[in-house]
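Peer 1: Okay, here's what each chain looks like letter by letter:
There are 2 protein chains.
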Amino acid sequence: MGSSSANIFKNFKEHSIAEFFKKNKQMLGFSGKVRSLTMIVHEYITNSLDAAEEASILPEIDVQIQEVGPNYKVSVQDNGPGIPKKHLAKALGQMLTGTKFHRFMQQRGQQGIGAAGCTLFAQLTSGKPIYVVSEYDELRIKCNIAIDIQTNTPVITNEIIEENKEGKHGLYIEGYFGDVKYDRSSQGPLEYIKRTALANPHLTISLLEPTGERITFSRSSDVVPPKIEETLPHPLGIGVADLVDLAHKEKEEKTLKNFFQKRFQRFSLQKVEELKALVDGTKEGIGFVDLLKDPKELKWEEAEALIKAFAQIKWIAPSADCLRPIGPERIQASLVHILAPDFLAIAQRPRKIYKGGYPFMVETAIAWGGHAGRRLANSEVTYDVIRYANCAPLIFDSYACAITQAVKEIDWKRYGIKDIEHEPLTIFVNFISVYVPYISTGKQAISPEEEVYQEIKYSIMDAARRLQLYISGINREKEIQNRRNVIMRYISQVSKDLAELAEIKDYLPIEQKLKEITQTRYMTKLLTEENEEEPEQQEKNKKEQNGLENHEEKEKEDG
Amino acid sequence: MGSSSANIFKNFKEHSIAEFFKKNKQMLGFSGKVRSLTMIVHEYITNSLDAAEEASILPEIDVQIQEVGPNYKVSVQDNGPGIPKKHLAKALGQMLTGTKFHRFMQQRGQQGIGAAGCTLFAQLTSGKPIYVVSEYDELRIKCNIAIDIQTNTPVITNEIIEENKEGKHGLYIEGYFGDVKYDRSSQGPLEYIKRTALANPHLTISLLEPTGERITFSRSSDVVPPKIEETLPHPLGIGVADLVDLAHKEKEEKTLKNFFQKRFQRFSLQKVEELKALVDGTKEGIGFVDLLKDPKELKWEEAEALIKAFAQIKWIAPSADCLRPIGPERIQASLVHILAPDFLAIAQRPRKIYKGGYPFMVETAIAWGGHAGRRLANSEVTYDVIRYANCAPLIFDSYACAITQAVKEIDWKRYGIKDIEHEPLTIFVNFISVYVPYISTGKQAISPEEEVYQEIKYSIMDAARRLQLYISGINREKEIQNRRNVIMRYISQVSKDLAELAEIKDYLPIEQKLKEITQTRYMTKLLTEENEEEPEQQEKNKKEQNGLENHEEKEKEDG
Chain U
1 MGSSSANIFK NFKEHSIAEF FKKNKQMLGF SGKVRSLTMI VHEYITNSLD AAEEASILPE
61 IDVQIQEVGP NYKVSVQDNG PGIPKKHLAK ALGQMLTGTK FHRFMQQRGQ QGIGAAGCTL
121 FAQLTSGKPI YVVSEYDELR IKCNIAIDIQ TNTPVITNEI IEENKEGKHG LYIEGYFGDV
181 KYDRSSQGPL EYIKRTALAN PHLTISLLEP TGERITFSRS SDVVPPKIEE TLPHPLGIGV
241 ADLVDLAHKE KEEKTLKNFF QKRFQRFSLQ KVEELKALVD GTKEGIGFVD LLKDPKELKW
301 EEAEALIKAF AQIKWIAPSA DCLRPIGPER IQASLVHILA PDFLAIAQRP RKIYKGGYPF
361 MVETAIAWGG HAGRRLANSE VTYDVIRYAN CAPLIFDSYA CAITQAVKEI DWKRYGIKDI
421 EHEPLTIFVN FISVYVPYIS TGKQAISPEE EVYQEIKYSI MDAARRLQLY ISGINREKEI
481 QNRRNVIMRY ISQVSKDLAE LAEIKDYLPI EQKLKEITQT RYMTKLLTEE NEEEPEQQEK
541 NKKEQNGLEN HEEKEKEDG
Chain E
1 MGSSSANIFK NFKEHSIAEF FKKNKQMLGF SGKVRSLTMI VHEYITNSLD AAEEASILPE
61 IDVQIQEVGP NYKVSVQDNG PGIPKKHLAK ALGQMLTGTK FHRFMQQRGQ QGIGAAGCTL
121 FAQLTSGKPI YVVSEYDELR IKCNIAIDIQ TNTPVITNEI IEENKEGKHG LYIEGYFGDV
181 KYDRSSQGPL EYIKRTALAN PHLTISLLEP TGERITFSRS SDVVPPKIEE TLPHPLGIGV
241 ADLVDLAHKE KEEKTLKNFF QKRFQRFSLQ KVEELKALVD GTKEGIGFVD LLKDPKELKW
301 EEAEALIKAF AQIKWIAPSA DCLRPIGPER IQASLVHILA PDFLAIAQRP RKIYKGGYPF
361 MVETAIAWGG HAGRRLANSE VTYDVIRYAN CAPLIFDSYA CAITQAVKEI DWKRYGIKDI
421 EHEPLTIFVN FISVYVPYIS TGKQAISPEE EVYQEIKYSI MDAARRLQLY ISGINREKEI
481 QNRRNVIMRY ISQVSKDLAE LAEIKDYLPI EQKLKEITQT RYMTKLLTEE NEEEPEQQEK
541 NKKEQNGLEN HEEKEKEDG
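Chains as they are written, first to last, in our numbering: chain U, 1 to 559; chain E, 1 to 559.
Do not take every clue at face value.
Copies of the same chain are indistinguishable here, so a pair counts whether it falls within one copy or spans any two.
As the list claims (entries may be wrong) - The calculated lysine to any residue pairs, modelled on SDA-like cross-linking and capped at a C-alpha distance of 25 Å, are:
id	residue 1	residue 2
1	K33	E301
2	K194	I17
3	K262	S75
4	K408	L376
5	K86	Q150
6	K308	E450
7	K85	E159
8	K22	I307
9	K227	Q187
10	K181	I286
11	K408	E450
Simulated from the structure, these hints should not be mistaken for lab results.
This is chain U alone, in the form it adopts within the complex (with noise of 0.2 Å):
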């Protein structure tokens, strides 16, 4: 042997999140110069969108670039609630902190490590902190923000502490970071926000651009959203491990039956007898659990055993109180707005659920013609798909997206596409959860979880359907028109041939008469002829029904 293990083992060493994502930059998304300033832009938006919405503000966010020396600056400034002074530091200048990681909750930002990320790599990259101004209450608070790597700790230097005597209220960020570059291509941060602004109907928001020029898009909607409320797991999509952990975690109530009414959606009184039902020893496959037993004093084996049962209960759908789309109306507006297209076909499908018990819903719409689709270099058009996780664009890794990739599977041929890489075709996806599953830190695709992936490509295909209508409507119309076409050539001479049949002078009453009805009956036709629906689309709608019930009359009666 060369080496004892010992020997092998001296530089044994333990190191913060902070140093691993030092060395690992490109898995915050800092990969490209471009790429790099779009994603500091997206952490700082998203934060500002989540806090606004939260505290019920109509949002109104400031970006400014500008080529500074070798670096870029780089500044936000909302008018959200702010944040306090106690968590300041710890918000921007430490990694895994922050409101949104533990909670059952819609919200852009998830992970805590985003503003901070970028509080890194200013540092990495020009070696300046971050400058902050926070006000709330009635405080005001500038310092600079850096972190000190080895530790994953904030460190504040230059604070400045402010009465804040008018009331004002929001966040200022401002960075200088290198390895950076602004430019307008379809990555850059300006088609970023744009694409905020498109799914963000009662947002304000500029840019300057480092050329000086300054760009806004308005909010078309004055209505602040309404606030989004957490919510509880359901006990459908809930894991044996988040069980035991809930379990173990409960503080007030002392009996299982008691635990599972007050921490799960939808879990009534005849729920828990149910679930008694299930769990007395004697079905095959499930163990006993005594559902008057302490929760801290749950086992793996007896939370098996009840994740079994509730696989076996009829369920509520979970409530949608939780989700927030942005709904058919806004949606449209927004694409009318922006592409004009010739037709939109807008599918909204209810909630579902997936492993962990997060509810979710996807939002597609389809528009085609007009300013639809993308143009290329030799200006040819092709598709275009703009992708949303909770209304925060999806701008890169488009290729391991669930997006991405339903569509890719989807035949489009069956919807009358028949070339779709020749379509003026934008697909327009929306995910919503509580929980979105990132394929990695830099949260810019959805992981293809089956029933996301199953949902999302549901979701495009109904979208589709509506789509397809138009365009075998265009196709029939132009045959429909052709037979017409044909028919009105002869009608004068009929009409003539007619009239004097009937010995009556006047042919163009008769003329008139056949126009009318050559043109009703074409039209009619068009209009009663049936849509088969597909195979496909019913197997769909059995799926759909199994292990949910998706009425809201049941709630009121069982809930």
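Guided by the hints, dock chain E onto chain U, whose structure is given.
Peer 2: Just chain E now, with coordinates in the frame of chain U:
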């Protein structure tokens, strides 16, 4: 304002990296049942191989996978150096610990997350800790290890410490995992192990499948690969932040001058003089730096000046000691053994560096014909890309990988491959470096950093050029064969006519002579026709010369 800032931030919390990955398992590659199982096998095997290499042991690994109730039991026994008691618990029960993270050295693992991630995954899916037996020096330790998720610290139970009189060494890990599945698909553990064997000819590895079948890949080489050395950073690649970091951590050297000579490679006295001349404050765009200054006092601006000056000095390429390619002979032996191709082209290019001062190399082989390529369900053949990072197979996330992207961007028609989708082609690429820029913690795709991506592409193009000679050879040979056949058909008649003209009775010697001339002429033509260098190749050669002197002779003279 709906909520005060303090109220919104009442949920502000810190969480551990273990909690983070508990919620984001897919970021460790644990998404999909088959993939999750392959990831487990991957983490254990790479650790075993790294440890064996460092201890100069010929590795033998035994992997067993069994179905046990709803779970799979996975065990891996190696003959490596074992892990000492002091580090065992942290190595397997705490994330972001290990021997590899801080080292400048070619290794398969580098994150200090993998094995502890498996422990976490076992806990979350089966509720069971892992069981470990570590044999080393005079001890044998048996114990169960789990992770305390909230604190990211190891929990040891049932520890037994025995004397190891036989002096055995090795590590045995056994875990129960739910939410996984075994199959023989191209993303399953068997394919992973097969690919590992392909790139590690000194390894003997066997797999016991859940069906009870045992598959063994025996080593084809008995030579223990030379030990890989740690290396010093190269001045050309290092960034400002890293330079400041290294300088501030310096404990022995009291001047920048000595610090550079001691802590960097290729930093001869002559280079110090060149540097001194560049940072004397008279050069435009480069500030003054006193090289007699204490490294601990180095300021960011000074580091910036130094990095700018580094870029203007001609350096010797980084030492290759720290990189150990598989080597063309071994690649050839492996590929011929497994694929039996009609043609094999191998490209071996000089080492390069990329940002951060990381030396790297790309080895590429292209196999054509035989069993090369991938068989599709319809029995057609298409091309296959086999990717490695430091000899560890990359099975997933191929769409995101620099290797796959390079293959896709190459214009294969230029290399005589008319339709790559239908060619029996296997492209084998091994990326080796002291640091692999993975796109995510799942470690299955190489981030397309500019220098890395370019070099991978050039390497594949190099091999493709060799392949082209072969393919154009096939085509030309066919053409020549045709022409020869045409001439041969007339040779008999011509010989007779010539014999008659020359009044020779026996035309056979003439016929023989003519045949020889015909054959030789077309043979010679085939062999002497020159292959023109492509513009791309010329451009590439130019690029390679920029900033780096690739001549080993210079090294002696200077270093």
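Peer 1: Now tell me if each hint is right for this structure.
Peer 2: Verification of the supplied hints:
no.	hint	result
1	K33 with E301	between (51 Å within a copy, 21 Å between copies)
2	K194 with I17	neither (33 Å within a copy, 34 Å between copies)
3	K262 with S75	neither (44 Å within a copy, 41 Å between copies)
4	K408 with L376	both (19 Å within a copy, 19 Å between copies)
5	K86 with Q150	both (22 Å within a copy, 22 Å between copies)
6	K308 with E450	within (20 Å within a copy, 50 Å between copies)
7	K85 with E159	within (10 Å within a copy, 46 Å between copies)
8	K22 with I307	between (40 Å within a copy, 19 Å between copies)
9	K227 with Q187	neither (31 Å within a copy, 44 Å between copies)
10	K181 with I286	between (59 Å within a copy, 22 Å between copies)
11	K408 with E450	within (16 Å within a copy, 28 Å between copies)
Hints 2, 3, 9 from the list above are not met by this structure, while the remaining hints are.
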